[in-house]
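Participant: The primary structure of each chain is shown beneath.
There are 2 protein chains.
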Amino acid sequence: MNPVNSARTVNVGICGLGTVASGTVNILTRNKKLIDARSGCNVSIVQIGARRDNPKVDTSGYSVTRDIFDVVNNPAVDIVVELIGGTTVAKDLVLTAIANGKHIVTANKALIAHHGDEIFAAAKAKGVTVAFEAAVAGGIPIIKSIREGLAANNIEWLAGIINGTTNFILTEMRDKGRAFEDVLKEAQELGYAEADPTFDVEGIDAAHKLVILASLAFGIPLDVKKVFTEGITKISTEDVNYAEELGYRIKHLGIARRSAGGIELHVNPTLIPEKRLIANVDGVMNAVLVKGDAVGPTLYYGAGAGAEPTGSSVVGDIVDVARTLLADPAHRVPYLGFQDEFVTEQKHLPMDEIETAYYLRMSALDKPGVLSKVATILSDSGISIEAMIQKEAKEGESTVPLILLTNRVQEKKMIAAISKIESLDSISAPVVRIRVESLK
Amino acid sequence: MNPVNSARTVNVGICGLGTVASGTVNILTRNKKLIDARSGCNVSIVQIGARRDNPKVDTSGYSVTRDIFDVVNNPAVDIVVELIGGTTVAKDLVLTAIANGKHIVTANKALIAHHGDEIFAAAKAKGVTVAFEAAVAGGIPIIKSIREGLAANNIEWLAGIINGTTNFILTEMRDKGRAFEDVLKEAQELGYAEADPTFDVEGIDAAHKLVILASLAFGIPLDVKKVFTEGITKISTEDVNYAEELGYRIKHLGIARRSAGGIELHVNPTLIPEKRLIANVDGVMNAVLVKGDAVGPTLYYGAGAGAEPTGSSVVGDIVDVARTLLADPAHRVPYLGFQDEFVTEQKHLPMDEIETAYYLRMSALDKPGVLSKVATILSDSGISIEAMIQKEAKEGESTVPLILLTNRVQEKKMIAAISKIESLDSISAPVVRIRVESLK
Chain Y
830 MNPVNSARTV
840 NVGICGLGTV
850 ASGTVNILTR
860 NKKLIDARSG
870 CNVSIVQIGA
880 RRDNPKVDTS
890 GYSVTRDIFD
900 VVNNPAVDIV
910 VELIGGTTVA
920 KDLVLTAIAN
930 GKHIVTANKA
940 LIAHHGDEIF
950 AAAKAKGVTV
960 AFEAAVAGGI
970 PIIKSIREGL
980 AANNIEWLAG
990 IINGTTNFIL
1000 TEMRDKGRAF
1010 EDVLKEAQEL
1020 GYAEADPTFD
1030 VEGIDAAHKL
1040 VILASLAFGI
1050 PLDVKKVFTE
1060 GITKISTEDV
1070 NYAEELGYRI
1080 KHLGIARRSA
1090 GGIELHVNPT
1100 LIPEKRLIAN
1110 VDGVMNAVLV
1120 KGDAVGPTLY
1130 YGAGAGAEPT
1140 GSSVVGDIVD
1150 VARTLLADPA
1160 HRVPYLGFQD
1170 EFVTEQKHLP
1180 MDEIETAYYL
1190 RMSALDKPGV
1200 LSKVATILSD
1210 SGISIEAMIQ
1220 KEAKEGESTV
1230 PLILLTNRVQ
1240 EKKMIAAISK
1250 IESLDSISAP
1260 VVRIRVESLK
Chain X
830 MNPVNSARTV
840 NVGICGLGTV
850 ASGTVNILTR
860 NKKLIDARSG
870 CNVSIVQIGA
880 RRDNPKVDTS
890 GYSVTRDIFD
900 VVNNPAVDIV
910 VELIGGTTVA
920 KDLVLTAIAN
930 GKHIVTANKA
940 LIAHHGDEIF
950 AAAKAKGVTV
960 AFEAAVAGGI
970 PIIKSIREGL
980 AANNIEWLAG
990 IINGTTNFIL
1000 TEMRDKGRAF
1010 EDVLKEAQEL
1020 GYAEADPTFD
1030 VEGIDAAHKL
1040 VILASLAFGI
1050 PLDVKKVFTE
1060 GITKISTEDV
1070 NYAEELGYRI
1080 KHLGIARRSA
1090 GGIELHVNPT
1100 LIPEKRLIAN
1110 VDGVMNAVLV
1120 KGDAVGPTLY
1130 YGAGAGAEPT
1140 GSSVVGDIVD
1150 VARTLLADPA
1160 HRVPYLGFQD
1170 EFVTEQKHLP
1180 MDEIETAYYL
1190 RMSALDKPGV
1200 LSKVATILSD
1210 SGISIEAMIQ
1220 KEAKEGESTV
1230 PLILLTNRVQ
1240 EKKMIAAISK
1250 IESLDSISAP
1260 VVRIRVESLK
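One line per chain: the protein sequences are Y and X, in this order.
First residue of the first sequence: 830, per the working numbering; consecutive thereafter.
First residue of the second sequence: 830, per the working numbering; consecutive thereafter.
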C-alpha cells in the first residue's frame, strides 16, 4: 500500500512557463514520489497557466490554460506558484490569488522587494502563506536558514554574492585578465547576461535580493529605496591585479549590517581577503555569509540561478506550504521570520556615515614628495595606511600608480580626504576608490 | 504593548549544564526578546537540572535542581532540552520525557545515531517532536537544510568535514608541515581534542553524524554499524605534501552516496581537488557539501562545535518546536524529513564494492623497470594512471617514492592490485593508499 494514496491531496497551480517554471514542473513530475514521501501529501499539479508552451517541459499530462488568471480563480487550486516575473501583472495575480484564499509560492524578487509588505498584509488578513525561497540565491536555502535555522541569533551582518552575472564577469577578469566589456559580451552570448545588462551589472537585481535578506535578518520592512547600489562597470583589470597583489579579491557584494548608528544596506564592488571562503566563490555561483552573535560566521553556497536549482527552492516551498496548509496561521513560520508586530522601522545609516576600509588607486607624478603629501592629507583626516604598492614609472611615462589600503573610516571623511588629494598638482587623475571588508 | 505578553508561554527545561548548555542558557537569556519575536511565544526556562554549576553561566534567575529527572517529571515543562551527552542516562531521560508527553531538543549525536529509531517511535506514539539540529556540525543548520530546504531533491551524495579536531590537525599538518602526533598534542592542550582522542581521530564521532545525515538524505533507518571508518593517524606530512603537489588537499570526510549498487557510508581521509570550496575549509570549522539532482552542489559552512554555535542550533530547534507545539503531529516536519512509513532499509554497498579513485604511494628500488611492472599490474586490473610523481633518489638512499593517482575503480580490485604490487621484489614497503574524490 502506498500510504500517500490515503494522504490528503494538495493541488498546485503554476503561473508562467519560463525557465524556472520548466524546472519546477520537471522536478514535481520526476520526484513526485519523493516529494509526497517528504510532505505527507499527494502534491499534484492541477493546472498550468502559460501564454505559450516551453519545449523544455512536457505538459501533456497536465491541464494547461492560456489565461493565467484561470489558475488563481480555479477553486481546486490550493497553492498558486507565481513564476511570470515582473511587478505589474504578477502583483495583480498574487493579490487576486490571496483574495481567493490561495497560498502563494513565488520566485519573484522584484515583486517581494517592492510590494512584499502589501502582499504580506493581504495574506495575513486571509490567513494564507507567502513563501519566496527562490527569490534569493536560486537553489540555496538561505531564506529558510536565516528565518529558522539562525532564529536564535542577533544577526550582526550578512554579505552575499547574490548575482551570478557580475560574479562570472569578475571571475573571468581575474582568471584571464580580460576587460569588463569583453567578458560582458561573452556573458550575453552565453545567456548569463541580458541584452540590457544594467539590471545585473549596476546591482539592481542584487539590491532586490539584499533588501529581502535584510528584512529577514533584522526584522525591518522591505524598502528597496534604502539600498545604495554601485555597479562593476568601472572595475578595471588593473584594480583586480593590484587587489590580488595585496592578497584580496574583488567581489560584487550585497552587504547588510547593523551598526551602532543604524542599519546599512549597500551593493558594491568590495575587496575581501583571499583567505575568506566567500572570496573563492567563482563563476556564476552564489554564496551568502551570515554573521550571528551566537553562531559566528556561517556560509551558504550553491547555484544562484537556472531552471532546476531555482525550481528546487520553489518545490521546497511547496512542500513547506503543503505541510502547514491546515495549520492555525498563528503557528506558521511568519513571512519575514518575525511576528508581524515586531517588523518595525529601524534607523537607517546613510551611505556617507557607514564605516569601511578603502582601496585607493591614484596616478602620481613621478617626482619626490608626492607620497608624503598624500600621507599627510590622510593622516590629518585620521586615516591610516595599512598597506601600499608603489611602482616605478614605466619607460616614457611621467606618472606612477600609487595604491593604498586604509583602515576603517567614515565614508564622508574619506570622500573629503580624496577631494583634497585630487586637488594636489602632483595627482593627475581622479582617485579610484573601492571599499574593503574583512568579513571576520 | 509588548505583544509577547499576550502570547502563550512555552516552558523549557534544560538537562545538563556543560559547554553546550551554558551556550544555550546564555543565548536564551541574552536574546529572549528576539527569540520571542521570532517564535511568537514567551519562551522561558522553567527549570535547569545539573549535578553541578558552571561558572560560564549565571543561573541565579532560574530554578536549578540537582536531579535531572526532576526536569522531565516537571508538569510545567513543555520542551526538554537534553544536553547531558552519552547514551545510557540520556536515553532513559529522553524516553521518560517522551512518556511524560514532553517535546525533545537534543545535541546528542551518539544518542540519535544509536537509538534514534527507538526514540522516534516512542515520540510518534506520544505525538511529540524530537529535534536534533545541534547533533551535526554545531551551528550550521544542515539538518534543516537537507530535511526541508532541499526537500525537492533526490540527494545523490553528501560529503562533510564534520569533525573539527581532525580538520584542525590536517590543516596544521599542511600549513606548518607538522607531524600528526605533534599537532594532536597541541589540540589536546587547546581543548580541541580529548585526552583519549580515539573518538575523534578514528572517525567514530564523524560516523555518528554521517549516519544522521544519510538518514535525512536517503530516508533510511539510522544504523551506525553500516558506516566504515578510517582515521587520520596514518596520514603523514609526506602524503599531505605530495597531495598538494598534485593539486589536492587531504580532508577527513564523511561520505554518503547513493549509487547503482546501493548506499555507501564511510568516513576516511580523502584527497579532494584544492579548487573545491570544501578543500579550503580550515582549522576547526565544519562544512557539508550536498549534491541534489535538481539543485546541484550546495555547501553549508560554519563552526562545528563550541558553546554558542551549538547553542544556536539548540535554540533554533526550540523556536521550531515552540511554533508547532499545538500543531496536529501529522502536519509537523517528520523527524528524518520523510513520513515514517517511507523510512525503509535500502541496499547497503559494502566497502569493497564502492568505486573511488586512489592516491598510491610506494617505495620503489631505484632501478630501471619498476614503474613498468607497477603500470602493467594496474593496467591488467583495468586501472589507469591519471597522474604521477616520481622523484630521484636522495643522496645515499636506495629507494625512490613513486606516487600515482588512478581513475575510479572498485575497491576490491584496487586491493587485489596493491597486493600484487607489494609482492614485487622492487617494492620495498607496504603501499600507502588514500581515496580520492572529485566532489563534482
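Don't read these hints as lab results, they were simulated from the structure.
Hints are not guaranteed to be accurate.
Computed cross-link-like contacts, SDA-like style, restricted to lysine to any residue with a CA-CA straight-line distance of at most 25 Å [unchecked claim]:
no., chain 1, residue 1, chain 2, residue 2
1, Y, K955, X, P1158
2, X, K862, Y, G1112
3, Y, K1120, X, L863
4, Y, K1063, Y, E1018
5, X, K1120, Y, R859
6, X, K955, Y, R859
7, X, K953, Y, T838
8, X, K862, Y, R1003
9, X, K861, Y, S1088
10, Y, K1120, X, A1134
11, Y, K861, X, K885
12, Y, K861, X, D1122
13, X, K885, Y, D1122
14, X, K862, Y, P1158
15, X, K1104, Y, D1122
16, X, K955, Y, A1156
17, Y, K862, X, K861
18, X, K861, Y, H1177
19, Y, K862, X, V1261
20, X, K862, Y, P1050
21, X, K1120, Y, G1112
22, Y, K1005, X, A1134
23, X, K1104, Y, R1003
Chain Y side only, calculated, beta carbon under 10 Å to chain X, not exhaustive [stated by the list, open to error]:
no., residue
24, F1028
25, S1088
26, G1131
27, A1156
28, A1216
29, I1218
Example chain X residues on the side facing chain Y (calculated, C-beta under 7 Å, incomplete) [to be verified]:
no., residue
30, N860
31, L863
32, F898
33, L924
34, T925
35, A928
36, G930
37, A1134
38, S1141
39, G1145
40, P1158
All values reported here derive from a predicted model rather than from experimental measurement.
No residue lacks a Cβ here, since even glycine has one placed at the ideal position from N, Cα and C.
Participant: With reference to the structure, classify each hint as holding or not holding.
Facilitator: Evaluation of the provided hints:
With a C-alpha separation of about 24 Å, the suggested pair Y/K955 and X/P1158 falls inside the 25 Å cut-off, and the hint holds. Our distance criterion of 25 Å between C-alpha atoms is broken by X/K862 and Y/G1112, whose separation comes to about 40 Å. For a cut-off of 25 Å, the pair hint linking Y/K1120 to X/L863 stands: about 16 Å separates their Cα positions. This hinted pair checks out: Y/K1063 and Y/E1018 have alpha carbons roughly 21 Å apart, not beyond 25 Å.
Proposed proximity of X/K1120 and Y/R859 is supported: the alpha carbons are some 17 Å apart, at most 25 Å. Taking the CA atoms of X/K955 and Y/R859, the gap is about 35 Å. The hint is violated against a cut of 25 Å. A C-alpha spacing of about 23 Å is found between X/K953 and Y/T838, which places the hinted pair at or below 25 Å, so the restraint holds. With a CA separation close to 45 Å, the supplied pair X/K862 and Y/R1003 exceeds the 25 Å bound.
Annotation: proposed proximity of X/K861 to Y/S1088 holds, straight-line Cα distance about 20 Å (limit 25 Å). Of the pairs offered as hints, the one joining Y/K1120 and X/A1134 holds, with about 16 Å between alpha carbons and a cut-off of 25 Å not exceeded. Restraint check: the Cα-Cα separation between Y/K861 and X/K885 comes to about 49 Å, which exceeds 25 Å; the hinted pair is violated. Proximity of Y/K861 to X/D1122 is assessed by CA-CA distance (about 13 Å); at most 25 Å being required, the pair is judged to hold.
Proximity of X/K885 to Y/D1122 is assessed by CA-CA distance (about 17 Å); at most 25 Å being required, the pair is judged to hold. For the hint linking X/K862 to Y/P1158, the alpha-carbon distance of about 21 Å falls within 25 Å, and the restraint holds. For the suggested pair X/K1104 and Y/D1122, the alpha carbons sit about 30 Å apart, so the restraint of at most 25 Å is broken. A threshold of 25 Å between alpha carbons decides the hint, and for X/K955 with Y/A1156 the separation of about 19 Å falls inside it, so the pair holds.
Taking the CA atoms of Y/K862 and X/K861, the gap is about 41 Å. The hint is violated against a cut of 25 Å. Pair hint X/K861 plus Y/H1177 holds up; C-alpha atoms about 24 Å apart against a cutoff of 25 Å. Proposed proximity of Y/K862 and X/V1261 is contradicted: the alpha carbons are some 44 Å apart, above 25 Å. A hinted pair counts as satisfied when its Cα atoms are at most 25 Å apart, and X/K862 with Y/P1050 qualifies at roughly 18 Å.
For the suggested pair X/K1120 and Y/G1112, the alpha carbons sit about 18 Å apart, so the restraint of at most 25 Å is met. Only pairs whose Cα atoms come within 25 Å are accepted, and Y/K1005 paired with X/A1134 is rejected, the gap being roughly 39 Å. Proximity of X/K1104 to Y/R1003 is assessed by CA-CA distance (about 15 Å); at most 25 Å being required, the pair is judged to hold. Restraint check, Y/F1028 versus chain X: the minimum CB separation of about 24 Å is more than 10 Å; hint violated.
Given the 10 Å rule on beta carbons, the hint for Y/S1088 is violated: about 17 Å separates it from the nearest Cβ of chain X. A cut of 10 Å between beta carbons decides the hint on Y/G1131: the least distance to chain X is about 4 Å, and the hint holds. A hinted interface residue such as Y/A1156 counts as satisfied when its beta carbon comes closer than 10 Å to some beta carbon of chain X; here the least separation is about 5 Å, so the hint holds. The beta carbon of Y/A1216 comes no nearer than 22 Å to any beta carbon in chain X, farther than 10 Å, and the hint placing it at the interface is violated.
With its C-beta approaching chain X no nearer than about 25 Å, Y/I1218 sits outside the 10 Å limit, and its interface hint is violated. Checking X/N860 against chain Y: minimum C-beta separation of about 6 Å stays under 7 Å; hint holds. Checking X/L863 against chain Y: minimum C-beta separation of about 6 Å stays under 7 Å; hint holds. Proximity of X/F898 to chain Y is violated relative to the hint, the smallest CB-CB distance being about 27 Å (cut-off 7 Å).
At its closest, the beta carbon of X/L924 sits 25 Å from a beta carbon of chain Y; the interface hint therefore is violated under the 7 Å criterion. The criterion of a C-beta within 7 Å of any C-beta in chain Y is not met by X/T925, whose closest approach is roughly 26 Å, and the hint is violated. The interface hint given for X/A928 is broken, as the beta carbon of that residue sits about 25 Å from the closest beta carbon of chain Y, more than 7 Å. Look at X/G930: its Cβ only gets to about 18 Å from chain Y, farther than 7 Å, so that hint breaks.
The interface hint given for X/A1134 is broken, as the beta carbon of that residue sits about 11 Å from the closest beta carbon of chain Y, more than 7 Å. Using the Cβ-Cβ criterion of 7 Å, the hint placing X/S1141 at the interface with chain Y is satisfied: the shortest such distance is roughly 4 Å. The interface hint given for X/G1145 holds, since its Cβ lies 5 Å from the closest Cβ of chain Y, which is under the 7 Å cut-off. With a least beta-carbon distance of about 11 Å to chain Y, the hint placing X/P1158 at the interface is violated under the 7 Å criterion.
Violation of the numbered hints given earlier is confined to hints 2, 6, 8, 11, 15, 17, 19, 22, 24, 25, 28, 29, 32, 33, 34, 35, 36, 37 and 40; the remaining hints are satisfied by the structure.
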